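Q: Model the full assembly from the supplied sequences, consistent with the hints where possible.
Residue numbers (the working numbering), protein chains in the order written: chain A, -15 to 47; chain B, 598 to 773.
It should be emphasised that the hints constitute simulated quantities derived from the structure, not laboratory data. Each hint should be verified, as a subset may be incorrect.
[Claimed, not checked] A few chain A positions that, by computed beta-carbon distances, are all more than 12 Å from chain B:
| hint | residue |
| --- | --- |
| 1 | Met(-15) |
| 2 | Ala(-7) |
| 3 | Ser11 |
| 4 | Tyr23 |
| 5 | Pro25 |
| 6 | Leu29 |
[Stated by the list, open to error] Distance windows between CB atoms, simulated:
| hint | chain 1 | residue 1 | chain 2 | residue 2 | range |
| --- | --- | --- | --- | --- | --- |
| 7 | A | Gly9 | B | Gly731 | 52 to 58 Å |
| 8 | B | Gly718 | A | Thr26 | 40 to 46 Å |
| 9 | B | Arg770 | A | Lys28 | 45 to 51 Å |
| 10 | B | Gly603 | A | Thr26 | 21 to 27 Å |
| 11 | B | Gly718 | A | Glu2 | 31 to 37 Å |
Every value quoted in this text rests on a predicted model; they were computed, and no experiment measured them. Built from N, CA and C at the ideal position, the CB exists for glycine as well.
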Amino acid sequence: MKNLKMKAARAAKDLSQEDLAKICGVSRQTISAIEKGDYNPTIKLCIVICKALEKTLDELFWE
Amino acid sequence: MNNSQGSAIVLGLFIGILIVIVLIKTWNKDGRLKTQYDEMQEKARGLAYKYAFWTIVFVEAVMIVLMSFGIKLPFDNITVHIIPILIGTLVQASYSLWHNAYAGLNTNMKRFGIISIVIAGVNFLVALIAIFDGRMIVNGIFEFPLTNLICGFLFVIIGIESVIKNHLDNKDREED
Chain A
-15 MKNLKMKAAR AAKDLSQEDL AKICGVSRQT ISAIEKGDYN PTIKLCIVIC KALEKTLDEL
45 FWE
Chain B
598 MNNSQGSAIV LGLFIGILIV IVLIKTWNKD GRLKTQYDEM QEKARGLAYK YAFWTIVFVE
658 AVMIVLMSFG IKLPFDNITV HIIPILIGTL VQASYSLWHN AYAGLNTNMK RFGIISIVIA
718 GVNFLVALIA IFDGRMIVNG IFEFPLTNLI CGFLFVIIGI ESVIKNHLDN KDREED
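A: Structure representation (structure tokens):
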């Protein structure tokens, strides 16, 4: 399932996938895969993404 | 295989390991020996190694079955075991590549590409010299230099795959 909330939060901060990937210490493809719903990140990476986008886990990863 | 051949192979392996260490340090942006991968890449690479392992087991088993039926394979004693390893390597590299886990986070792709082209070139050169010297095929059997030819083609295949994958990645980036 696509993670549109994460994509929207990233766009709201005017970050590209590349930018967010650099902040989170992962590859751009990993961010792309999470947004497309092709990869389920670990809770550790979810927290890093949430901190980078200044959102809570519920806001980004809860249905 | 006599003792001098064995010693030469051990020495070659040792020198090979040293060269690989220098190359990894060269193509990693931070000059470190360890290539860094993120969690998705680590997962994909784990699967890549699994598929490569079973590929090697399968190809070796095929070789053993063929030989047990008395079918004479047109490769020398060493090459017959190196071929499964090279096929396994191709499986590992291809799976990693198509699952975005071939290049690490600290890999300088430009340097990596140049080094790959040089390695492929050296392998093709060694194979070509062996062909002209008549050392590639002796008495209808492919000798050890076949390994260089296969290595060269392996790098070419990975190179072509990388170009296609890079093209698809650029499309994905544009959609972002």
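Q: Taking the hints in turn, state whether each one holds.
A: Hints, one by one, checked against the model:
For A:Met(-15), the requirement that its beta carbon stay farther than 12 Å from each beta carbon of chain B is met, with the minimum near 17 Å. Non-interface status of A:Ala(-7) relative to chain B is upheld: no Cβ of that chain comes within 12 Å, the nearest being about 14 Å off. With a cut of 12 Å on Cβ distances, A:Ser11 falls inside the contact zone with chain B, its closest approach being about 6 Å. The beta carbon of A:Tyr23 sits about 5 Å from the closest Cβ of chain B, which is not more than 12 Å, so the claim that it is off the interface is violated.
Once the 12 Å rule is applied to beta carbons, A:Pro25 is inconsistent with being away from chain B; the minimum gap is 7 Å. Listed as outside the interface, A:Leu29 is inconsistent with that label: its C-beta sits roughly 6 Å from the nearest C-beta of chain B, within the 12 Å cut-off. Separation of A:Gly9 from B:Gly731 is about 54 Å and conforms to the stated range, judged on CB atoms against 52 to 58 Å. Take B:Gly718 and A:Thr26: their Cβ atoms lie about 41 Å apart, and the range 40 to 46 Å holds.
Between B:Arg770 and A:Lys28, the C-beta spacing of about 26 Å breaks the proposed range 45 to 51 Å. About 47 Å separates the C-beta atoms of B:Gly603 and A:Thr26, a value inconsistent with the hinted range of 21 to 27 Å. The supplied range of 31 to 37 Å is met by B:Gly718 and A:Glu2, whose beta-carbon atoms lie about 32 Å from each other.
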